[in-house]
Every structure is written in C-alpha cells, then in structure tokens.
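Trainee: One line per chain: the protein sequences are A, B, C and D, in this order. According to this note's numbering, the residues represented by the first sequence are 45 to 272, in order. According to this note's numbering, the residues represented by the second sequence are 22 to 140, in order. According to this note's numbering, the residues represented by the third sequence are 1361 to 1851, in order. According to this note's numbering, the residues represented by the fourth sequence are 1305 to 1383, in order.
Note that these hints are calculated values from the structure, not bench results. This one's a predicted model, so the numbers in the text were calculated from it and none came from an experiment. The C-beta atom is built at its ideal place from N, Cα and C for all residues, glycine as well. Careful, some of the hints might be misleading.
[Claimed, not checked] Taking beta-carbon pairs under 10 Å as the criterion, some of the chain B residues facing chain D (in silico):
#	residue
1	K48
2	V82
3	K89
4	E91
5	M93
6	Q99
7	L117
8	T118
9	I135
10	K136
[Claimed, not checked] Derived DSS-like pairs (lysine-lysine); straight-line CA-CA distance at most 27 Å:
#	chain 1	residue 1	chain 2	residue 2
11	B	K89	A	K233
12	B	K136	C	K1519
13	D	K1376	C	K1719
14	A	K84	B	K89
15	A	K145	A	K47
16	A	K83	B	K85
17	D	K1327	B	K125
18	B	K125	A	K83
19	A	K47	A	K233
20	D	K1379	C	K1519
21	D	K1376	B	K85
22	B	K134	C	K1519
23	B	K136	A	K47
24	C	K1460	C	K1511
25	C	K1719	C	K1790
26	A	K76	B	K136
27	B	K136	C	K1511
28	C	K1519	C	K1414
29	A	K47	C	K1414
30	A	K47	B	K134
31	A	K145	D	K1376
32	C	K1826	C	K1414
33	A	K47	D	K1327
34	C	K1519	B	K125
35	B	K125	D	K1376
36	B	K134	C	K1511
37	D	K1379	B	K85
38	A	K76	B	K89
39	C	K1519	B	K49
40	B	K49	A	K47
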Amino acid sequence: MRKLISLILLVIIAGGIVLSLKEIPFGISKIKIGDYYIKKGIEETGATNIVTSVVVSYRGFDTLGEITILFTAAIGLSAVLGTYRKRKAGEKVEPPSFIVKTGCRFLFPILLLVGAYIFIHGHLTPGGGFQGGAIIASAFLLMYLGCEGKRINENTSIVVEVLGALTFIVLGIIGLTIGKDFLFNFLPKGEPNTLLSAGIIPVIYIAIGFKVGSELAGIIDHLIEKNQ
Amino acid sequence: MNFLSEYIYYIGAFSLIFIGLFIVLAKKNLIKVIIGLSIVDTGINLFLITLGYIRGGTAPVFSKPGLKAENMVDPVPQALVLTAIVIGVAVLALALTLAIKLYKHYGTLNLRKIKEQKW
Amino acid sequence: MVNPILLIVIPLGLAFVVPLFRFISKKIEKFIPFFALLANLIISLTLFPHVLEKPIHVSIGGFLPPLGINLVAGPLGILFAMLIALVGFLVSIYAFAYIKEKDQEKYHILYLLLLTGATGVVLTGDIFNLFVFFEILCISSYSLVAYFGDKPGIESAVKYLIQGAVGSSLVLIGIGLLYGQFGTLNMADIASNIHSVHSISVFIPLVLLITGFGVEAAIFPLNAWLPDAHSSAPSSISAILSGIAIEVGLYAIVRVVFTLFGASSILTFLLFLGVITLLIGELCAFNQENIKRMLAYSSIGQIGLIVFALSIGSLSGINGGLFQLVSHTLSKALLFLAAGYMIFRSGSMNISSFEGMGKKMPYTSFAFTIGAFSIVGLPPFIGFPGKFMILKAALFEQDILFTILVFLILLATIIEGAYFFRVVQTIYFKGEKSTPGQEREIAPLSVLIPVFIFVGLIVVIGIYPKLITEILESSASELLNRADYIKNILP
Amino acid sequence: MEIVILILVFLMIVSAIAALIFKDLMNAVIASCVVSLIAAVLFYFLQAPDVAMAEAAIGAALVTGIFVIAVKRTKRFEE
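Just chain A, same shape as in the assembly (with noise of 0.2 Å):
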C-alpha cells in the first residue's frame, strides 16, 4: 500500500517535471552568466580555472556557507554523539593484517602529499580546496584502519579548522575595511597561469583546504570512536 502511494507521488513528480524539461534542451548554448565568467574570468580573478573563480571569487559567499555547514555538522554530530573519550589503554583492537598495515602507512604520505598539491594548484588545474581536503581526509581514514590506537589530537584539529574559517572570514573583512566589498580579492592578480597568482584565490583555497581536511578527518574520528 504504502509503496503503491509512492509510486502514484512520484508518477505525478516526474510528469511534472519531464514537462518543464521540454524548455531546457541538452547540451545547447545557453548560458548567461556562465558566458561572462568564462570570456571574463581570467581578466577579473586571475584564475585559470574558470571553476575555482567562480567558486571562490564570484560566489565566494556561497563557499562561506558550504564551510559553515560542514562546521555546523561536524559540531552536531560530537554533540549528538556525546563528550569525546580517548580509548582506554587496555581495550582489545583487531589488529590489521600485515599488507593492510604496511599499505596504509605507505599511502598515508603520499595521499597528504596529492591532498595538498591539489588545494595548491586549485586556482590553475581542477581541483581545489574541498577535492584536497577530501583526499586528505582519506588518508586518515587509511590511518585508522591500518595502524590501530593511533588518533588525532583533538585540540590540534580544533585549531586548524577554526584558523582556516577564520583565514577566510579576516580576508573578507580586510576586504570591507578598505573600501570594498566583503570578500574584495584586494591582492594583486599577478600573472595567470603561474602558482602566485589571481590574489587571495589560493590562501582562501589552501585555508579551506586545511579546514576541510580537519574537519572529515574529525567527522570520521568521532564516528569511529566506539565507546561512549
């Protein structure tokens, strides 16, 4: 019954929605704003990477968000989760097999290492603050399969992700403070295509990088942690 009425809901739903997609037609030319930013983008952030620009600089503010919630997720989740509480000395942990430990610590360094190539060089090529703090998340939740009882410091986590926001929100006001805008790229675009360039884009991309890195990283440590 129940799956028969969902069924009828989602019959209606689609109708609906095949019938307004008869005006946006596949893989034609019609962007508008999406126009601008490409023939403009270069000019006015910097950035080779149309994607980055418009993430960081255009809808800077929306990137602003994006790391709030995850903030606000990340803090929700320890609250509901309960006081944080390091496992105890002499709690019996399966230990991994031997390829599994090896391999962990072997990619450990090099996933930090790709994490943070690609926040650097997300104003150049694809890739970018969230993509590297994802990757270097990862490389922590290898750290906790493979080598037992090792954990990141809570504090040193803490410090790192409320730095980065606040990397973000002091360029920000640095910004409104001489004259412009919240979030006013103030810094010199400098020449495209080479690392220092395109003005605050890659510190904002590297503090999110670290900020998000720290917070999955959490996120998953908290989740992790089997006794409350």
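Following the hints, complete the assembly by docking chains B, C and D onto the known chain A.
Mentor: The following block gives chains B, C and D in isolation, referenced to the frame of chain A:
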C-alpha cells in the same frame, strides 16, 4: 537511438532521483533510507552538471593555450554542485550519527517499530 | 551607514571562534551568543530608518548583480533580521540558567549558527545562496533537536532530518530547473524574465520550491515532524524553532511566490491550505495532554492563519499577516520559555502537573497567562490587532468564499481559546490543597528578565500597534511591487 | 563513445536498483558507492573534472567509509 543518446544523461539523473525518493518513501530501515538520500543527491548533482553541458565543449580550465572560450561548458552548475556535494556529506554524516544513536536507544533501525511519539 | 553584511559576518565569525575558548576559559562561551545578537540588534535598529527610505543592497566580492551574490536589506528583510536578533538575544539570556549540560559550547555554537542561517536567508538576494543559508538553519536545528540525546529527541530529530532532507532536494531540483531556463541565479534577474517563458515550465519549479520550503514552514501535509521536534527539543530551542525557524521558512515561500514568480494563481490554493492547516493544528492541539506538544500544534495553527492572510494578496491582507507573524513570534517564544521553566520545576510535561503553579511560581505563571491571552487574541495584547486586521482584510474582499473561510477561522479561534483557558485554569484554580514542601519558588533572574521583556513588548505593541505598522506597511508594499524590487537591483 | 555512456548509465541505474533491493546493508552501501563512482566518470565525460574529483573523493570514498562505520556500529541486515 537518437532520442536515447540525446536524453541519456537526463534519464540517468532522474532515474537516480526517483529510485532514491522511492527508497526514502517506501523502505523501513533507517540506513536504507539514508542510502536513498545519498542516491537522490547524486542524481541531482548529475542533473545540474548536465544542465551546463555543451555538445563538444571543453572543461572551463585554461590549462593550455589554444582553448576557445566559446567552446567551454558552463562553470556555474559545476560550482553549485561542488557546494551541493559538501552539503550532502554534511547531512549524511549527521543522519548516520543519529542512526547510530537511535540504534543504541531502541536496538532496532526499523522506523515502523519506533513509535514512542504519536504523530 | 553600517554594512548589512555585518549582520551575518559577526555571528558567523564569533561562532567559529567559540571552540578556541576551551583554551582560555570555559566560562566565557555562554556570553558569546549574547554579545553577537546584541550587536545584531543594534545594527538592525540603526539600519531601520535608512531602509524605510530606500532598500540597501550590497554586492559581495565587488561583482555587481547578477554576476555576484548580493544582499538586499529591504524593509521585509530588516524586519525579519530585527525579529531574529531580538528573540535570539532574549533567548540567549534565558539559556544562561537553562542550559546546564557539561558540553555547553556546542549548544552555543549551534545556536549562533542557527540564527546566522536565519539572518542569511532573509537578507540574501540570490536563490542558491538562500538555499545554502537555509541548509545551515536546517542542519543546526536537526542537531539542536537531538541535543539532549534522549530517546524522544533522537527519534524526532531523525524524522525531522529525513523530511527536511527530502525538502531540500526538491528545492535544489527547482533551482536547477530555474537556472536551466534563465541562466542566472539572482532573484531579481529571474523575476524580470519570469513571464517570458511558457507558464507550465515555470509552474513546476514554483511547486517544487514551495513544497521544499513548506517542509520547514510546516504547511499542512508537510508538518508531521513539527510536534515531535518542537516538543522534544530543549525549551529554549523550541522557542527559537517556533518563533524563528518556521517563520523563516514562511519568508522563503513568500519571497518565492511574490517576488520571484509574482504568481497570483497559486494564491487561491494557498488560501485553502492555510485554513486547513489552521483547523488541523487547533483541533490536534485541543486533544493534547502534553503542554509542549499543545504549543507546537498551536504553532501549526498560527502558521495556517498567517499563510491564509498572506495569500489574500491585498495590501491589507499581507499587512495583517505580517503583524500576526510578529505577534506569533513574540507570544509563542514567551509561552515556550515560561512553559519550559515550569516543566523544569514540576519535572513533567503533562498539563495536569501544573496544578497550583499559580501559587508556586507566580511570575512565570503570570507571564504564561499573558502569552496565552495574546495568542488567543484578547484585546489589550499584541494578538488582537493582528487577528482583527486579518479578518477585516478577508471580509473586505466581499466574496462568499471569504465569508465562509472567516467563519472557519473564528471557529478555530474558539477552539484555541478553549484549550488555552483550560491550561490557565489548571495553573490557577486547580490543586487548592497545599502539600508541604511546595513553597513559592521564584525563577532565577536570567529567566525572568527575558520573559518579562517579552511581556512588556506584547502589552506595549498591543496597545500602540502604530509602533510597527510603518515597517509592516513598507514590507507589504515591497512584496507587492516586484517592479521596484527588480529596478532597485538591476538598474 | 556514445555506447560507452549508454552502458555506464545503464549500470548506474542497475546499481541504484540493487541498492534498493539488497537486504544486506553492506552490499547496499557498496552498490551506492558504485553509483557514485559511475557518476564521477560521467561528470568527467560531461567536462566537469573538478566535480568528478570531488565526487570520487567525497561521494565515493568518504561517504562509503562513513556508511561502513555506521553499518558496523548498528545492524547489518535489514528486517
């Protein structure tokens, strides 16, 4: 065939959305419901990216010289989807935390069996 | 002039700083929301006279709309920002004594983030940005509902989260469809082009957006989560959820319907939905034995009334609806705060356990009574002018349909009066027998101060409704004059 | 080229349906991981390398990890 290749991305995206919504509406197990939510998220992301695609276009990155601006796909949906993916992860992590906590309280994940509160 | 972006940046920045206080002193953190919201209240009050002359709009990152994201501080936005800051400020004082858990810093961070999200929703001029702030609001309220970590809290948070997440997905699909058709995300830009395309392909996103935001606004078939969530959250959060969160959901709907789409055809539908929501809310509230569930169902009823008033679509109707919204925010926040402390003392949410409260806790009971009278709509309080304006606006339409609906609203008001008077009667006139050990207990100052500021506001605005009518009228005309809104942002 | 995309989309829908049917939650989680992975490949075909990277790193790896942890801490089989 022509029709299929024209609309295959839309078909894929909306199939995911509707399968996901069906899981959310019809399944009883909380973890299953959350899996449904994640499939809905993926479907929506695919839909948004498809919106910005231009046939024969290139990625909006001026990584090498000779790329023409006219041929690039729309960067805005890609930026939106980056945001949407992170929002999705946040909601999923919170939902799974609540599921773990719910299991601790009730010993079950069956939503029909959890009826402490009347609707 | 102050930049309206500070309304968002100050609480957001402070919320990020709070975790650092664990290294300095754990005692400071509970004052952070207090100061942040005090700052917000002052900023919105200073912006208030400017906004009445001309809406302020700020672009972010130095890109003019429709390229960048912009904030629009019109009369409606500042009205809501002021309400959020005021209620949030008073409830943060209440939390000093009410929240005693070990891990308080998380409560305060989430509380600040909730209000930041709400402020962002009412100020932004970009539809996707609105969605992002809406998600901040939703995620922080899911976690706050589960904050105590007890059985009912977790259960209702799960229900709330699933329904909320489906709602957000629908909103995102709607935004995608809009972007596909118009190639822009700025609300003014979309609004200026909305009549250029076929009406059915605009209608579907409208329905998706209304459904998605309607989950948070608790309009009739989408309100199953509300009674659970509002009754099992901490009382200070119930006050915020009832007083702020559903109103912000309603704001999103109103903004989408009036400004973005300028839709008049859907208003008739919303009219009926409003009256049905009202009747169902009041009837369910009548049957409740649990005081917080009763208040939660009463919120559903009030939201129905506000939706009805706003969808009359005339200037006086919207005016009355906004007045009722302000009055509901103040009265319901007061009721939850007062009831929360009475529950804290009696140890039970059952109405019958409130017997003799009038003697034990005279001040809190008095405040609760004022709030109840105000919600019902008795004359010297703020609820009366609101209901009166709505009924006048409805009867002014001179339509047989409206006469029937007005009759139904009066019926609902009678039901509402019946159950609130039952509670007041229980508090004052039942349980005469004085058992030993039940001396008068005066609530701590940090509870009494916010509660009595609410009482003062309710009485003062109830006697002089002119105090807020100016901003309400300009907000109503902002909603009805889409052309001005568009012209202001896209010159 | 087009036939590859057709097959990928078909596989993606099949794994979504598999996630709906499987009674073993661990299998359902893996199926939803496959959905995310194929979606990441499709994002790459749709000229969105940034999103493909994010979907592969977040949607496929991290979310699956979190799901596996949650399933391990609750019950493995649907009743």
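Trainee: Holds or violated: the hint that T118 (chain B) contacts chain D, with Cβ atoms closer than 10 Å.
Mentor: The hint holds - T118 (chain B) has a Cβ within 10 Å of chain D, the shortest such distance being about 8 Å.
Trainee: Would the hint linking K1379 (chain D) and K1519 (chain C) be met if the CA-CA limit is 27 Å?
Mentor: Within the cut-off at roughly 20 Å; holds.
Trainee: Does K145 (chain A) pair with K47 (chain A) here, judged by a C-alpha cut-off of 27 Å?
Mentor: violated, 46 Å
Trainee: Please check whether M93 (chain B) passes as an interface residue: C-beta within 10 Å of a C-beta belonging to chain D.
Mentor: Cβ of M93 (chain B) sits 8 Å from chain D, so the hint holds.
Trainee: Is the interface hint satisfied for Q99 (chain B)? The criterion is a beta-carbon contact with chain D at less than 10 Å.
Mentor: holds, 5 Å
Trainee: With a cut-off of 10 Å on the beta carbons, see whether K89 (chain B) makes it to chain D.
Mentor: Violated - the Cβ of K89 (chain B) stays beyond 10 Å from chain D, reaching only about 13 Å at its closest.
Trainee: Take the C-alpha atoms of K83 (chain A) and K85 (chain B), compute the straight-line distance between them, and say whether it is at most 27 Å.
Mentor: holds, 16 Å
Trainee: Taking only the CA atoms, is the gap from K136 (chain B) to K47 (chain A) under or equal to 27 Å?
Mentor: At roughly 20 Å apart (the allowed maximum being 27 Å), K47 (chain A) and K136 (chain B) satisfy the hint.
Trainee: What's the verdict on K76 (chain A) and K136 (chain B), does the C-alpha distance respect the 27 Å limit or exceed it?
Mentor: This hinted pair is violated, its Cα atoms lying about 50 Å apart.
Trainee: Check whether the Cα positions of K47 (chain A) and K1327 (chain D) lie no farther apart than 27 Å.
Mentor: Holds, because 17 Å separates the two Cα atoms, which is no more than 27 Å.
Trainee: Below or equal to 27 Å on CA atoms is what counts here, so check K1379 (chain D) against K85 (chain B).
Mentor: With a Cα-Cα distance of about 51 Å, the restraint between K1379 (chain D) and K85 (chain B) is violated, given a limit of 27 Å.
Trainee: Should the hint that K48 (chain B) touches chain D count as held when the rule is a Cβ pair under 10 Å?
Mentor: At 8 Å from the nearest chain D Cβ, K48 (chain B) passes the 10 Å test, so the hint holds.
Violated hints, listed in ascending order, are 3, 4, 9, 10, 13, 15, 18, 19, 21, 26, 28, 29, 37; each of the other numbered hints is respected by the structure.
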